[in-house]
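Asker: Sequence order for the protein chains is G and W.
Quick note on our numbering: the first sequence kicks off at 64 and runs consecutively.
Quick note on our numbering: the second sequence kicks off at 68 and runs consecutively.
Careful: at least some of the hints might be erroneous.
A partial selection of chain G residues facing chain W, derived with a Cβ cut-off under 10 Å [as the list claims (entries may be wrong)]: (1) H153; (2) R192; (3) L211; (4) R215.
Derived from the structure by calculation, the hints contain no laboratory data.
For every residue, glycine included, the Cβ atom is placed at its ideal position computed from N, Cα and C.
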Amino acid sequence: MTLEIDVEKALGDFRLRARFSAGAGVTALFGHSGAGKSTLVNLIAGLERPDRGRIVAGGAVLFDDRRGIDVAPGRRRIGYIFQEGRLFPHLTVRQNLLYGRWFTRPADRYVTLAPVVDLLGLSSLLDRRPAALSGGEKQRVAIGRALLTSPRLLLMDEPLAALDQARRDEILPYVERLRDELRLPIVYVSHAIEEVTRLATTLVLIAGGTVAAAGPVDEITSRLDLQNLIGRYEAGTVIDGTVTAVDAAWHLAEVGFGGGRLLVPNLALPVGATVRVRIRARDIALALRPPEDVSILNVLPGRVVALGNADGGLIEVQVQAGTVLLVARITRKALDGLGIVPGQALYLMIKSITFDRHSLGQTMSG
Amino acid sequence: MFDYTPDEVTAILLSLRVALWGMAGSLPLALLTAWVLSRCRFPGKTLVDGVVYLPLILPPVVTGYLLLLLLGRHGLIGAWLDHRFGIVFAFRWTGAAVASAVMGFPLLVQAIRLSLDAVDRRLEDAARTLGANGAWVFVTVTLPLVLPGILTGCILAYAKSLGEFGATITFVSNIPGQTQTLPLAIYTFTQVPGGETGAMRLTLVSVALALGAMVASGPLSRLISRRVQGRDAGN
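So that you can see chain G by itself, here it is in the shape it has in the complex (with noise of 0.2 Å):
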């Protein structure tokens, strides 16, 4: 299944040009407030009408104005989870549960109730009302809702924005249940680069209401022109790894990837399981030689590619660690006192500690 935009939209004074396709797995809209993220959802499930442009999922085509095409919302077969859950407060669990199933033709459907809510954890809430549900329930219910109606593609915008960072730690897991077990693909829209690093394939970022960049979340994310519309206190590298030992006695696990291994926080993952890790900039050291007697455990050897664009005292440095791109962001004393310069061979230090459960999710496993 694919998906393909290009459309354009004008709102008043703010124009939306975005061009951009989407694959299996996660596709992040990730850009600040105002952006035309939220524009560009609706634009694609049809509530509302672009000015002119070509929306195509999986080869139906939903709008095209050249050839007149603009298929309603309740039949383009995109299930959209809403930022505040939208449940409809007069119907149970249950019924806003079947809500769309009752709309959905037979030969479509693909999804039954019992297994949705075996998946999300709702069989003690079926009877209650929405009132009377928290908010990590109320969105779980909402994506049971978009699930029943058996859609090709997910639409969720900012799922977890609404919700505390323990409901989000709730919320989390399903969705990456939903990309690695049912295999929808999720275009996921997000200001929060930590959704986005743990959860995203394909990262998209939108900037003033077009794409900046879009491709694989680990190319967009250790690209140093982007660095500053990641937002620089977040900014960081994705790498995909696999856990390749677990010490118990010291509670760390041994993270293999192309740059070499790293050290991070027990995950309770077993060996062998894929992870992602994401490696903020901010928290990257470097050194000329191989350090002695420091606490960090993490130092691995790495070439400098290229440097960024010196932002007040701060500067950001590519460096490219086996076959991975890692950013460190270092104040412009330290590279001026190191005299590090492009291609020049130096060591990363990374600090165990600065991996925290936030910046390590599982990924699909095969």
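Based on the hints, put chain W in the right spot on chain G.
Answerer: For chain W alone, kept in the frame of chain G given last:
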């Protein structure tokens, strides 16, 4: 004191019938009008808005006279209805029901419209993405959510109808057993010597009916609101 004469019982039952049919007859058009006024933008909306509320502002006698001009046996529409379908409103209880429908209409429209304005449109959008078309969205989401407004409107229209005097007497006159509703019967009693007890008896009924409607509407609207806002029973 409480020996109601057959004529008085007839007036009471007629009043109830007229009020009920007036309310029921008004409801579909009121719902449509409220929806159009709440959801659509079109040129001349202000004018339509004004016309809808006209029965509320005009003296009831004027409304009754206009009804007579339009729907009377020789009226613009009345003559045609009589000729084509043999439907006559003039001097019939059905005419009284029409008068009460017209008088209650603005109250119904206003209550339903306020309720429609308060409906979260994003819920309707959600229903659309789940496969519902416009009509289904209305039936399965909008309508249940405006039910409290519909109930309020119905009670207002019903109460208005029980007290309706001017338009009824002007349009369909004061014929015992045909068009003589409670207020008209009470008025008639007050016009004849020795009619005080009769007037008092019917006044008591009037008070009881109005009070009954209000008292019954309380728990009913609470029940509906609770269902609509989705609190579990017992919460």
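Asker: Now tell me, hint by hint, if it's right for this structure.
Answerer: Taking the hints in turn, this is what the structure says about them:
1. H153: holds (5 Å)
2. R192: holds (4 Å)
3. L211: holds (9 Å)
4. R215: violated (13 Å)
Hint check: a violation occurs at hint 4 only; the rest are consistent with the structure.
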